[in-house]
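Chemist: Protein chains in written order, with my numbering: chain A, 1 to 609; chain B, 1 to 250.
Be careful, since some hints might not be right.
Claimed, not checked - For lysine-lysine, the following PhoX-like pairs were computed, each having C-alpha atoms within a straight-line distance of at most 25 Å:
(1) A:K442 <-> A:K225
(2) A:K222 <-> A:K377
(3) B:K220 <-> B:K244
(4) B:K95 <-> A:K607
(5) A:K225 <-> A:K501
(6) B:K95 <-> B:K138
(7) A:K607 <-> B:K138
(8) B:K80 <-> A:K377
(9) B:K125 <-> B:K196
What the hints assert, rightly or not - Partial pick of chain B residues on the chain A-facing surface, computed with a CB cut under 8 Å:
(10) L51
(11) R75
(12) R78
(13) R79
(14) N89
(15) L90
(16) A102
(17) L105
(18) G106
(19) S113
(20) Q162
None of these hints come from the bench; they were simulated from the model. All of these numbers come straight from a predicted model, not from anything done at the bench. Glycine included, each C-beta is placed from N, C-alpha and C at the ideal position.
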Amino acid sequence: MNKKSASLWKSFRIGILILAALIVYAYGFQVTKVNLGEFRKESRQESRVRVMRALARPDIFAYQQVETTVVVPLYIPCPAEIPQNTLTDQSQPYLILTPACGKPGEEIKVEGFNFPPNLKGPLYFVPSSDPADKLALQKGNIQADSQGHFVFSFKLPDRLSDQVQYLRVIVRQNVGLPHFSATAIETWNKIIETIFLALLATTIGTLFSIPISFFAARNLMKDVKSSVTQIALSLLGWPFGVFGGLILARWMGEINSLIRANIFFSIGLTAGCALAAYGLLRYAFFHRSGNSSFGWRLIVPQFAQMIAVLLTVQSFFLISQLGIPAGMAIATHLGKMAFLGNFITQLSDLMLTSLPAVLAIGGGAVLGSLFGNLGRKLNERLSIHALKVVDFLLAMLAGALLCLIIAAVIGWLYEIPNLGRFYLIASGLGAILGAVLAGLTKPRQPLPVGLAIYTITRTVLNAVRSIEALIMAIVAVIWVGIGPFAGVLALGLHTIASLAKLYSEQVESISPGPLEAVMATGATRLQTIVYAVIPQIIPPYISFTMYRWDINVRMSTIIGFAGGGGIGFLLIQNINLLNYRAASTQMLAIAIVVAAMDYFSSWMREKYV
Amino acid sequence: MLTVTNLTKIYPGGVLALDRVSFAVPDGQFLAVIGLSGSGKSTLLRCINRLIEPTDGQIIWNEIDITSASEEELRTIRRKIGMVFQHFNLVHRSKVLTNVLAGRLGYINPAWSLINHFPKEDVQKAFRQMDRVGIADKAYQRADELSGGQQQRVGIARALMQDPQLILADEPVASLDPVLAHSIMKILQEINKEDKVTVICSLHFLDLVHRYADRVVALKEGQLVFEGLPEEIDDRKFKEIYGKDAERVG
Chain A
1 MNKKSASLWK SFRIGILILA ALIVYAYGFQ VTKVNLGEFR KESRQESRVR
51 VMRALARPDI FAYQQVETTV VVPLYIPCPA EIPQNTLTDQ SQPYLILTPA
101 CGKPGEEIKV EGFNFPPNLK GPLYFVPSSD PADKLALQKG NIQADSQGHF
151 VFSFKLPDRL SDQVQYLRVI VRQNVGLPHF SATAIETWNK IIETIFLALL
201 ATTIGTLFSI PISFFAARNL MKDVKSSVTQ IALSLLGWPF GVFGGLILAR
251 WMGEINSLIR ANIFFSIGLT AGCALAAYGL LRYAFFHRSG NSSFGWRLIV
301 PQFAQMIAVL LTVQSFFLIS QLGIPAGMAI ATHLGKMAFL GNFITQLSDL
351 MLTSLPAVLA IGGGAVLGSL FGNLGRKLNE RLSIHALKVV DFLLAMLAGA
401 LLCLIIAAVI GWLYEIPNLG RFYLIASGLG AILGAVLAGL TKPRQPLPVG
451 LAIYTITRTV LNAVRSIEAL IMAIVAVIWV GIGPFAGVLA LGLHTIASLA
501 KLYSEQVESI SPGPLEAVMA TGATRLQTIV YAVIPQIIPP YISFTMYRWD
551 INVRMSTIIG FAGGGGIGFL LIQNINLLNY RAASTQMLAI AIVVAAMDYF
601 SSWMREKYV
Chain B
1 MLTVTNLTKI YPGGVLALDR VSFAVPDGQF LAVIGLSGSG KSTLLRCINR
51 LIEPTDGQII WNEIDITSAS EEELRTIRRK IGMVFQHFNL VHRSKVLTNV
101 LAGRLGYINP AWSLINHFPK EDVQKAFRQM DRVGIADKAY QRADELSGGQ
151 QQRVGIARAL MQDPQLILAD EPVASLDPVL AHSIMKILQE INKEDKVTVI
201 CSLHFLDLVH RYADRVVALK EGQLVFEGLP EEIDDRKFKE IYGKDAERVG
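Please put together the full structure from these sequences, using the hints given.
Modeler: What follows is the structure in structure tokens.
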């Protein structure tokens, strides 16, 4: 009894489920407007056939064409006297009308002789007394037979005129060997652009995502812990370091503009700077391993290192400033290879633009870690009570500073009026947050900074990755204008986010044994990464980079839809112009390149991974 | 002298891996640590160089408190403690030479090491150590091309590069066949006797303990259940350490 009702209930439930599924799909059909009637319509079928046939004949090859134009006079209506048809040379193509005149709507027969055999061509009615008039109405297509003869009949149009009018037939004959059509050449240029666009985007993406991937790897970050003192001091150090770096960059730039007067002097100075930096670096590092306890022997190399780093930066400044005019000068002399000179110019410009940023980040990192070390020393030296007070003060300061920076960004973005008060509120809030943090933690208690950085990195990466490259391209177009460079930026940014994620997952899956072993030798965290992590992740990194290049080639074919350059630009243009044969050429090119990339990348992987 | 006092480790999740373990190791001794799998041998060894952070207790080595050392101090302590692992823990894709040189990382300038540059003396030293453990001809091969016994020799050479005063060997022969096991143990013994390096070695087979160890500590469920000479482990003691149903093999 019980069993029976259970099975009844079961079938009822299944029935309900099926009904629910039906409703879901019914609504789906409604929403997506499934309409087979439209699909079957005559007009749809026609255009379908037309487009498919056009797509099947990509516009790749073209012939040199010889055009044959034949005209014959036509009178509507018949004049009193038909001028004698001066019959032309019978060996040339000619047309005969029967009758040679008539009323509108009357059917006349057009016969053509001596035309190139088996050719098609349009037949025009020229409503003008000038047989070469541009204005002509196409009345149909003629098709010559193997003897070069055709018959075509049509109704005379309603174009009364006392003047002579004409019928014109144009046939085009292919001569010589086929050559690439203009579309094919254009497609070739754009597909090359596409491949390099993808290459650049992948390179940029790889360069940035490798360091980021370490921050997004849980197994590397989970052991990074520091105390409140350390975090607070480090946070305080960063902004000052960034500021210092920027100021330093400006000074160096100014020094350079002063000494740019003489090119030989500049070259000499650059070489001098570089050599001095190299020498100092060698000195600094080889004397460190001497391991003597004299104070000056420890301080002098440190000092030398600092000077060496500054000299290196200075020589980078000099090189980049030399590079811009040098590249331009080379470009004017190289002719076809001018792009090499342009490359030098652009690279130098890039270096000059990014040096202040590098200096700022470097300054921030140096000061941040110096302050952090100070924090660690304080942790070791101070008593618990003193540390508690110091922690409170530092945490409040750091919190206030951090919130002030965030407030400055918000203030700028939303154009907040009355900034002073806003900043005051923000820094107050930050100070309170810092105090709360300091109050909640014990002094010397290690906080999981690594995990915090990991979470932030992951969140940012996920957010960036969720924005499609196509949308990024729209933004990039606003930044740098329509063209492939916008595409490089958009794809590059997207590549950073996705590669960093893929890479970090590889880092997370490495075998922990070597990590442990290298750490046990007393290596620093950075050394552990270089000796135990990097060798393990090189093969997957190469393979992912290749895969990403592959994806980027595919992506860059459509990035042009949004103005990001590459072949997509051409493709969308031709689709919009209903030029399906050209569009077909571009689709074919994309297919070939994507397939070739696939083979190439799998070959590379097999060979090097 | 290494003194371990009341060493306790509770893993997150509440597993008590070490329960107030105390013992001392004089300099130059070959100490064997025995016990069943999961008795806390690996945890004990890793607590000594703080690859695993102990929950409680104290480890004093040559008057330095390892347990309270800062990160910077810990690095200088670790570089004097070599470690040999059951699964060798070599970087497979790197050359044998690079794996051996990694033992110097605690000594050399970090900046140079990042671009894989080692001082000439260190490279020569690496070749001497490889020669000593009998793998000098393999220096430029990839580590994973070597057999198990050879890989463990690389592991020992790496530990020797640290000029260690103490070697922690975590079941160094557990994944090797008996013949290779003896050759590896002989190398460790030689290092112990000739270089006067203290060795703390966890082992599975009692015959190895009898043959190579000066002294034995036994762990059972995280507690120290025996401390003494290898000869003192009779059948009764054996059952105490390994449980009632255990049979002696080898």
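Chemist: Could you run down the list of hints and mark each one as holding or not?
Modeler: Outcome of the hint check:
no. : hint              : in the structure
1   : A:K442 <-> A:K225 : 14 Å, holds
2   : A:K222 <-> A:K377 : 23 Å, holds
3   : B:K220 <-> B:K244 : 13 Å, holds
4   : B:K95 <-> A:K607  : 19 Å, holds
5   : A:K225 <-> A:K501 : 23 Å, holds
6   : B:K95 <-> B:K138  : 9 Å, holds
7   : A:K607 <-> B:K138 : 24 Å, holds
8   : B:K80 <-> A:K377  : 23 Å, holds
9   : B:K125 <-> B:K196 : 19 Å, holds
10  : L51               : 6 Å, holds
11  : R75               : 4 Å, holds
12  : R78               : 4 Å, holds
13  : R79               : 3 Å, holds
14  : N89               : 4 Å, holds
15  : L90               : 7 Å, holds
16  : A102              : 5 Å, holds
17  : L105              : 4 Å, holds
18  : G106              : 3 Å, holds
19  : S113              : 6 Å, holds
20  : Q162              : 6 Å, holds
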